[in-house]
Each structure stands twice: as C-alpha cells, then as structure tokens.
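The lines below spell out each chain.
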Amino acid sequence: MIPETLKISLEARVASAITAREAAVDVMKELQAHYGWLTDEAVEEAATLLGLSPLQVEELATFYEMIYRRPVGKKVIHVCDSISCWCADCDKIIQYLKDKLGVGLGGTTADGMFTLIPCCCMGMCGDSPAMSVGGTPYGRLTTELVDEILEAERHKA
Amino acid sequence: MPKLIIDDIPVEVAPGTSVLEAARSVGITIPHFCYHPALAIAAACRLCAVKLLDGPVKGIQMSCALPAQDGMVVSTTDPEALKMRSLVIEWLMLNHPHDCPVCDEGGECLLQDFTIAGGHSRRRYQGKKRTFQNQYLGEGIHHEMNRCIECYRCVRFYQDYAGGTDFGVMGSAGRVYFGRFQEGALESPFSGNLVDICPTGVFTDKTGRFRARYWDYQFAPSICQHCSVGCNTSPQNFERETIKIVGRRNDQVNGWFICDRARFDKTYLNDPQRPREPRLDGATCGYDVAVDAAAKSIREFVRQHGADKLAFVGSTRLSLEGMILLAQLADAAGGARICYFGDAGQQQGSMAAAKLLNEENTAYVKDIEQAQWVSLHALDLMEEGPMLALAVRKAFLAGAQIFLVAAEALPARDVLPFKYTSVETLNQVPFEGGGKGVIICGAGSKDPDLLAEMASSGAKLVMLQPGPNGFAAALLAQEHGAAPLKELVAARQVRGVVCFEADVPEVLLADVEVLANADWRREAVTDTSPIFLPTTTWVESDGTAINFEGRAQRFQRTRIAGLPLKGLDPKYYGSATEAVSLHPPRVHRKEVPGGAERDAWRVMAQLIERLGGEPIEPLSGKWSSLKSLDPEGEGVRIFEIGLGE
Ligand code: SF4
Ligand code: SF4
Ligand code: FES
Ligand code: FES
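Residue numbers (the numbering used here), protein chains in the order written: chain A, 1 to 157; chain B, 158 to 802.
No lab work stands behind these hints, which were simulated from the structure alone.
Treat the hints with care, as some may be off.
[What the hints assert, rightly or not] A few chain A residues that don't get close to chain B, going by computed Cβ distances all over 12 Å:
1) K7
2) D99
3) E153
[Unchecked claim] Okay, derived cross-link-like pairs now, SDA-like style, lysine to any residue, Cα gap no bigger than 20 Å in a straight line:
4) K576/B x G51/A
5) K156/A x G104/A
6) K98/A x A110/A
7) K576/B x D524/B
8) K423/B x Y371/B
9) K215/B x P236/B
10) K576/B x T19/A
11) K723/B x R767/B
12) K423/B x R368/B
13) K363/B x E398/B
14) K576/B x S53/A
15) K29/A x G328/B
16) K723/B x E237/B
17) K156/A x M113/A
18) K723/B x P432/B
19) K728/B x Q290/B
20) K285/B x L105/A
21) K285/B x G104/A
22) K576/B x L52/A
23) K423/B x R714/B
24) K453/B x E398/B
25) K208/B x N252/B
26) K29/A x S329/B
27) K208/B x H189/B
Cβ coordinates follow ideal geometry from the N, Cα and C atoms, glycine included.
Kindly produce the complete structure, drawing on both the sequences and the hints.
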C-alpha cells in the first residue's frame, strides 16, 4: 500500500500526460523508490493508476533494465558489457567486480549494499569502460578506480 | 497501380501492396513468420528477404515491409537472398528445441515448412539453448515457450486485434517471454486463435493434443453453428471424433479467426451418450422400421384428427434443406401445419428482420469495420455474435463512436473489446441522416415496430438472428405461413407434433402428443416420443445455412456419423472382457457402430415418399441457384440472387 500523498501526486502525474502509458515509467520509478524495488503489489498499483492491466505494466517494467522486479541492494551497479566497453576490456572490470563483491551478475552482496547487473551501453562509450553506481555514472574504469568508487559509494548516503 | 517484375514475372498490384503480397498474387510464396495478412506489419523475423536488382531501392530488403513500387525488379531466388534467408532461419532455430516428434504442431507447422524451404538442415550451433518456464493458460491452450521464435504474431493478435489485456510480451532481447502476468486462464473470448496464429508449437489446443497428426485428419469446409454470424471453420476429425476445430478464412464473414465457442465447444459432437440408435416404443430398431412406423403413425393421426391438428416442428438448428423439406413433408401429410419457431416473439422478430433487410440496407462486415458510428441495441454481442465484436473494434480503433443502447437489460459479465457510451434510447445516438453508421441488434423477441424504426434511420443494419439458421427459418416461415408452436398449442389448434431438431419446451409436451422425434441431441421431447430417429450434426452432414446478413453458405460433411473409436463400448469388440481402447475392434461388421444417423432432410425425404409424395430435391425451384454454392467460397447473399423480400 502506498501512502495517500504519493498516490495523489502520481494521479496528478498521470492526469497531466496525454496518454496514460506515457506516464508509466515515471509511475514505476516512483513506486520503485518507495518500495526499494517494483514489487508485484506495486505493479498492480501502477496498473490501477495508469488504467492498464498488470500484464501491460509488466511488459514495460521488464523491458527497462532500471526497473527492478526483484529485491535489490541499497545501490545497484550497472556495469556496461556492450561493444565499446568490451573493446576497452570491460570483461576484466566485470570479473573484478564479481570477485570483489563476492557475487555473480544479478547477485546482491551479503550486507545488502550492492547489486551487480550488466547493462547494454549507457551512452558513455567515449569514457569506456563504464558503470553506474546508485545512479552516479563513472567512466574510464580501472580496478583501482573501482575500489575507490565502491568505498566512497558505501559511505555516501 | 505499381508495376514491377518479380522473378521475371510482370506484376501489377494496388498501391500499398507489399512486395511479399505482390509475389503471392502470382503464386510465389516468400518464406515469412511475422507477416500475417490480418495483422499490422512488424518486420520482426527478417525471414522474408528478397533482393532488389533494379528500381527505386536496391539490395536485400524485407519484402513484407516494402511497398511495391513502379520499376522494381525483384529476385526471390538471388543467391544473396537465399543465403540471408537460410542464415535467418538458422538463427531462429538456435534456441528451438528439436522436439517435433513430441510437438502437437508437427505436420501443420510453419516453422517446419520454412526451415526446410529456407535450406537449413544441419545444426552448427553447439551452445546451450535458452529455456523458459511455461504457464498454465487455462483449459483451452497449452503453453510451450521454448518453441518461440519471437515473431510477435500472438501479442499483435491478442492485444491489438482482439483487445485482450491479460496476455502479452515481457522482457527484452533474448529473454522475451510471451505470456501472462501470472498463471491463469486467458481471459479473451478469442484466445483460441493463438493456436492458429502462432507459426510454431508454443500454443497448442489442449482439448485435442496428441490425438492425431495433420495428415490423419478428415477435413471439409464447415460453418460454425453456434450463432447466426456463420463463421467459416474446418473441423479436424480422426476416427469419427472431432479433435479440433480451426478457423477458415472468409473475408466477408470472419476474416481469419473464430471465437472460442466455435473452437472449444465441441464435446457434444463426440459425446458417446448422444442418442444414436433409432428407437420404437423404447426398443432399438432398424432405421427403416422407425421411418415406416413414423409414416404409419402420421397417417393414422391424420385420419383420426385431420391434418390441421398435426404440426411438423423444426427449429433454427435445421439446415436450409431440412427447412425446405419440412414444408413439403407437411404438404405430403395432407396439409399439416409447420413450425420453425417455438416462441411467438422470436418468430415475429426474426421474420421482421428478414423482411426489412435488403441488399442496400444490410451491413457487410466491412461496413461495420469502416463505420463512423456503431450503435448496439440492447445486445449481448459476446453471446449473440462474438466475432462481430472484433469488427466493431476495428471501427472503434479507426475512431468510430460506439453506443450501447438500453444496456441495463444486459448481463454484467461482458467485457467488450472496445469503449462505448451508454445511452437510453436510439434517439440519443447522435447521427445525422445515417452517415456511415451501423445499428446492430438481436432480432429475436424484438418488437417489429422497433426494428422498422431502426431500418428507417438510414444506417446500415445488422440484425442477429435467434439461432444459427434463423434467417432461413424466417424466410420459410413467411413463405409457408408457419406459426410458432406455443401459439398453436395454446389455441388448441394442434394436438400432435412430429419434431425435427426442434427444441420443444417441456411445458408444451403435456398438451400435445408427440408422434415422432428426429434429433442428434437429447431433448425433453426425446423421452416422450414413441419413435426416435437419430440425425446427424452439422459436422456429419451436408447442408446450407443462411447467416444474419442473408448470406447462404454451404457446409460439407467432415466425417462419417458414428461413435468415436476412442472409448468405444466393449460390446463392439466382440468380447466384453478384452482390454480395449487402443486398437479398433477386430470384429468385422458392415455398419459403423452408432452410425445409423441420417441427415434430417434425408429422413424427411423418406417420409415424404412413404406418405405417397414425390421424392424431392431440396434446393430446387427458387432455391436452385444455391445448388452450385462453393463451400470454399465466400457464400452469396440471397438478395443478390433474387431471394428474400
Ligand atoms: S509465441 Fe508463437 S506467435 Fe508468439 S512470438 Fe512466439 S512464435 Fe510468434
Ligand atoms: S461468432 Fe458465432 S458463428 Fe462465429 S465462430 Fe463464434 S459462435 Fe461461431
Ligand atoms: S558501450 Fe559501454 S557505454 Fe556504450
Ligand atoms: S515476414 Fe518480413 S520480417 Fe518477418
């Protein structure tokens, strides 16, 4: 159940859209921020708000990689494995992240801090290899830089 | 009109025609998966590659998404195009399980056909295949997602064409999954079409899985007998059992699709409890014995009470042939009465509709699809003509306004695949002089004045008939002055009845004597009648039906009558103890077990002869032009051939 204030603001967001579908990503993101991930309950709530069926929300939710349909850690690491980053040896960075965090792709660290997910190009090809942590983008990664970033992110709110 | 050359053949097509369709028009089938004539273009599978050698575009192109243009020179056999198609099919096959032997689609599978046609016969890929969990989708459809090749046909049909919202496509890239949010029965009343539209075996008909292969089936063109829309179907039969029913294309009626009732509602056809033996005074007897007894009983009754105290009763379930002969049978009996309807209201409405409709005012399905407004008059469309809801949806998607008049009388369960405005009376539908509007109503039990008012509106009309062959019943009732049975009985004008596939209400049976009853299902009257004559259903008989718009369509016998081999009673095996079921009986016999049924109209013809009449060809006289009706054609509206009012 979402609080009344959130519901009202989301209803207003939907009302201001030309078609309800257009507001779907915003609604899903807000609900995800509220629950920590987009729960089944949140999908149903989004459907009601948008006048869509739960399936139609699920179609969108599962399309976008930044909508999480499973529980995730406090911060999600999206590490790019697409072509430019691959040329810049992202495989090494990804392996380093896996080893350091002790998780596979899709896994969440034991302390619940980080979830590691691959992503397909984040528009930072010029600064490859790239990743984002909790929404903050980082480029030109080296293993040393990864250490620093994770340390800083762990303490940043 | 673009003129182009495809494989050295000059082709001229209407503007907007795709190269794929242009090729098809001269008999060249370009392999395709995502393309379907009824759906929007997706160009998702990349299989329909051709090479353009000359003209406004050049090189490899997707023929389904490329409009034919003047001067194009197309090759479907160019080595580069062939190579492209074989690589595409190889890649579509990467994840596909090699499971045709255990797949119910095998033998009627587009993927099989085009894998072979595409020239991919040896698998090079050695890696792991992507696999999925299947979902329970209800009792109609089995789900096998591993077989998916991501053509998007299913979701384009289910959501876009049929307006369903509980099935769709989830995920992205190599993970796309076609299914529901959560397991559960598919909600759309058109969900069964997924079976026909999926080019592989992802969706198979659960009600008929693993019973037979395509080449085992007996087929014939048939017409759905569940409502008066008259959709075209192909029942697939095996060993005297109707295993599956699939849609058959008729652009004038149902397009490519059918509703779930047509597809899944078939157990009654195979029911071993169907009354299949002729009976005389409670004991089974030979068919001719029963016919003789019926003739005798009719003669006896007429001598005692006079012919006008006797009624021959049919229903809207009868074929046109049966309806015609029913009237002649009544004649042969010395001028007995005829009933095609039980209820006065039904007959009145049905006849009023048949009288009001003519070539000008009767809507074609295309008129519904292209209407600017559609008004549904106190109509439970999903009950009375489900497939028309998809035609209305097309109009709705093109911007038409839809009104539901006097909707409060309707059951609440209906979810129509379009949005509508509820109004109280027809007067509140804002239309000027008709426009391009269509009024849809059910004719049965409607006040003729109301129907006439609708007809005077200038809009095109759809008046759905009570029962699959109601239009024909109305025409014959008009021609022969038939009266509703209830009325005749209430007025004590009739004391005896002979029933042919008639649904006589139980209350009437107290007041009349049933001389004989001919039917393929058990009705209240079956138990009252001393003589029972089993008849064939529409899958086992030839006949003609006239749909709501006066379209006469021929259906053909799709299998012989008789008990399905599966589950055949041990008595037919010559030994009550032998383990049965897997093998046909080893006892030789001349008759098909339970196969005594005859077409109702043939039984009538025999009775006519027994009563001293001439043997009659049902489609003669004014009906003779229907004799040559092509069962695989589009049918013919009776107005066009000078029948009807
Ligand atoms: S399930 Fe069938 S129709 Fe749907 S995308 Fe897959 S192969 Fe195509
Ligand atoms: S709409 Fe009517 S005629 Fe058509 S398939 Fe359904 S039940 Fe049969
Ligand atoms: S490929 Fe990695 S950011 Fe574009
Ligand atoms: S049929 Fe043309 S791309 Fe699929």
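Open item on the list: For a C-alpha distance cap of 20 Å, please report whether K723/B and P432/B respect it.
Closed with: Answer holds: K723/B to P432/B is near 17 Å, not above 20 Å.
Exercise. Taking only the CA atoms, is the gap from K363/B to E398/B under or equal to 20 Å?
Worked result: With a Cα-Cα distance of about 15 Å, the restraint between K363/B and E398/B holds, given a limit of 20 Å.
Exercise for review: Decide if the proposed pair is consistent with the structure: K723/B and R767/B, CA atoms, cutoff 20 Å inclusive.
Suggested key: Violated, because 37 Å separates the two Cα atoms, which is more than 20 Å.
>> For K7/A, is the shortest CB-to-CB distance to chain B above 12 Å, so the non-interface label stands?
In response: Nearest chain B Cβ is 21 Å from K7/A, so the label holds.
>> Next pair to validate is K285/B with G104/A; report whether the Cα-Cα distance is within 20 Å.
In response: Answer holds: K285/B to G104/A is near 19 Å, not above 20 Å.
Hey, K208/B versus H189/B, does the alpha-carbon distance stay inside 20 Å? holds, 15 Å
Hinted pair K723/B and E237/B, Cα distance within 20 Å:
violated, 51 Å
What's the verdict on K576/B and G51/A, does the C-alpha distance respect the 20 Å limit or exceed it? holds, 13 Å
Hint consistency between K29/A and S329/B [alpha-carbon to alpha-carbon, up to 20 Å]: holds, 18 Å
Pair hint outcome, K423/B versus R714/B [Cα-Cα no greater than 20 Å]
holds, 16 Å
Self-check item: Hinted pair K98/A and A110/A, Cα distance within 20 Å
Solution: holds, 13 Å
Against chain B, does E153/A keep a CB gap of more than 12 Å to every residue? holds, 27 Å
The structure does not agree with the numbered hints 5, 11, 16, 19, 24 and 25 stated previously, though it agrees with the rest.
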